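*Asks:* Line by line, the protein sequences give chains C and R. Quick note on this note's numbering: the first sequence kicks off at 456 and runs consecutively. Quick note on this note's numbering: the second sequence kicks off at 177 and runs consecutively.
None of these hints come from the bench; they were simulated from the model. Small disclaimer: the values here were computed from a predicted structure and weren't measured. Any given hint could turn out to be false.
With the C-beta cut set under 8 angstroms, the calculated list includes, among others, these residues of chain R facing chain C [what the hints assert, rightly or not]: (1) Y229; (2) F231; (3) S282; (4) A294; (5) G310; (6) I317; (7) A320; (8) A343.
By construction, the Cβ of each residue, glycine as well, lies at the ideal position given by its N, Cα and C atoms.
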Amino acid sequence: MNPAQIYSQPAVYLVVAAFLLATGIYGLIRRRTLIGMLISGELIFAAASLNFMALNRFTAPDQSVGQIAVLFIMGLAAAEVAITLSIIIAVYRNYRSIVSKDLNELKG
Amino acid sequence: MNTFPFSDWLVAGIFVVCVATTITGALIAAFTKRIIRSVAGLAVCCLGLAGLYYFLNSPFLALMEILIYIGAVCVTIIFGVMLTEPDEPTPENFARPYPVIAPLVSLAIAGGIFLGIAKLSLSGHWSAPATLVGDGSVKAIGVALLTTYSVPFELISLVLLVAILGALVIARSGRTKE
Chain C
456 MNPAQIYSQP
466 AVYLVVAAFL
476 LATGIYGLIR
486 RRTLIGMLIS
496 GELIFAAASL
506 NFMALNRFTA
516 PDQSVGQIAV
526 LFIMGLAAAE
536 VAITLSIIIA
546 VYRNYRSIVS
556 KDLNELKG
Chain R
177 MNTFPFSDWL
187 VAGIFVVCVA
197 TTITGALIAA
207 FTKRIIRSVA
217 GLAVCCLGLA
227 GLYYFLNSPF
237 LALMEILIYI
247 GAVCVTIIFG
257 VMLTEPDEPT
267 PENFARPYPV
277 IAPLVSLAIA
287 GGIFLGIAKL
297 SLSGHWSAPA
307 TLVGDGSVKA
317 IGVALLTTYS
327 VPFELISLVL
337 LVAILGALVI
347 ARSGRTKE
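Pulled out of the complex, with its shape left as it was, chain R reads as follows:
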């Protein structure tokens, strides 16, 4: 018998908080008018997602999610917002052609996708594997990255290098012209 009979409920409560954070962040990211709030919503969403990764037995990826998404991606997007115009166009500049139909159609598409995939997920039989060959620890990840997955590991470093150089070239080209 567990010494702390309510500890399961505490853990379940933390899990629910993580799920709620993820969903709230996604809603903020998709529905607010101002772009900077949308970026903040993305950061909140990634924070909740890191909690979900923690519940999926992967504290390493939870750390990486916070480090890469909140620390790098969101900050980079904020720089992008700073260097360009921050907001959605106002209705005076750009009237939406279908102010009533278009949101309903988009909501119907998104809702259809959500309901379909959710129904599939709930009706699927996710059976546990018969045998576990790896424990998924950080050590196992490191060994796999340097043995089995060494080629994709090297390729992704190449992709990142090319992305950095390409970003520099593209963002610089307009400046030298003037």
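The shape of chain C in the complex, shown without the other chains:
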């Protein structure tokens, strides 16, 4: 493998995507506020999109399928962020805190 052609190796993109997924999961475990967990979730979304794009570029016969899938992922991620932030704001208004440990009672 010619090191100058590193950008045409699918494994490079897949390893970067695996790194993004691992960082996202680490953040999801370690973060203690809801916004931090949301950001880690976005990293996991990014990992999925990068996987879609890499496999689309190197193995799919139709080059536009993966791009459309990633567009849909972006749309869903935007919707998810809007909903999540409104829930976070509602939670903060009721509890005066967005630390996940504080949110330990259910209304029943």
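Based on the hints, put chain R in the right spot on chain C.
*Replies:* Relative to chain C, chain R alone:
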């Protein structure tokens, strides 16, 4: 023979910069204490990711990544940070129950996932397709969105509409009560 013999290395250098930007942004997003730095790390990560999309023959998605993730998602999260408390709890308020074991276990889980998937990616045989039926241009994407994928396209607009209305309703409900 190429007129500029080092142009390949220049392109490879730009690629390495993109990969480094992505990884650095992800590390900043996951490891800093202050949430606002974490958001900035996410923005840096998305910038690098846009570069990677460009290398994957999709300048359209690179533009969309910058527009949607940096321009919309990160800014929205910053608004969320502004409206709630900005930081992780300090150790005086919240002592972590396992200050040594827990980071090690989380690192082990994340490292295991990374090593496993990386090993799979490196050992897989990613064969090129025999025939290319589409070139992946913006025109092809537009045609596919309005013919083959028209139903998901309409559904996602519905999802976005419902998400906007739901976000308004949820964030508003607490305010009318008082």
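*Asks:* When the nearest CB of chain C is found for F231/R, is that gap smaller than 8 angstroms?
*Replies:* With a minimum Cβ separation of about 5 angstroms from chain C (threshold 8 angstroms), the hint on F231/R holds.
*Asks:* Under 8 angstroms is the threshold here; is the Cβ of G310/R close enough to any Cβ of chain C for the hint to stand?
*Replies:* holds (4 angstroms)
*Asks:* Under 8 angstroms, Cβ to Cβ, is where A343/R needs to be relative to chain C, so tell me if that hint holds or is violated.
*Replies:* Interface hint status for A343/R: holds (4 angstroms vs cutoff 8 angstroms).
*Asks:* When the nearest CB of chain C is found for A294/R, is that gap smaller than 8 angstroms?
*Replies:* holds (5 angstroms)
*Asks:* Does S282/R hold up as a contact with chain C if the rule is Cβ-Cβ below 8 angstroms?
*Replies:* holds (4 angstroms)
*Asks:* Does I317/R pass the interface check with chain C, least Cβ-Cβ distance below 8 angstroms?
*Replies:* The hint holds - I317/R has a Cβ within 8 angstroms of chain C, the shortest such distance being about 5 angstroms.
*Asks:* Once the shortest beta carbon distance from Y229/R to chain C is found, is it less than 8 angstroms?
*Replies:* holds (6 angstroms)
*Asks:* Does the closest beta carbon of chain C sit nearer than 8 angstroms to the beta carbon of A320/R?
*Replies:* Status holds, d = 5 angstroms.
No hint from the list above goes unmet by this structure.
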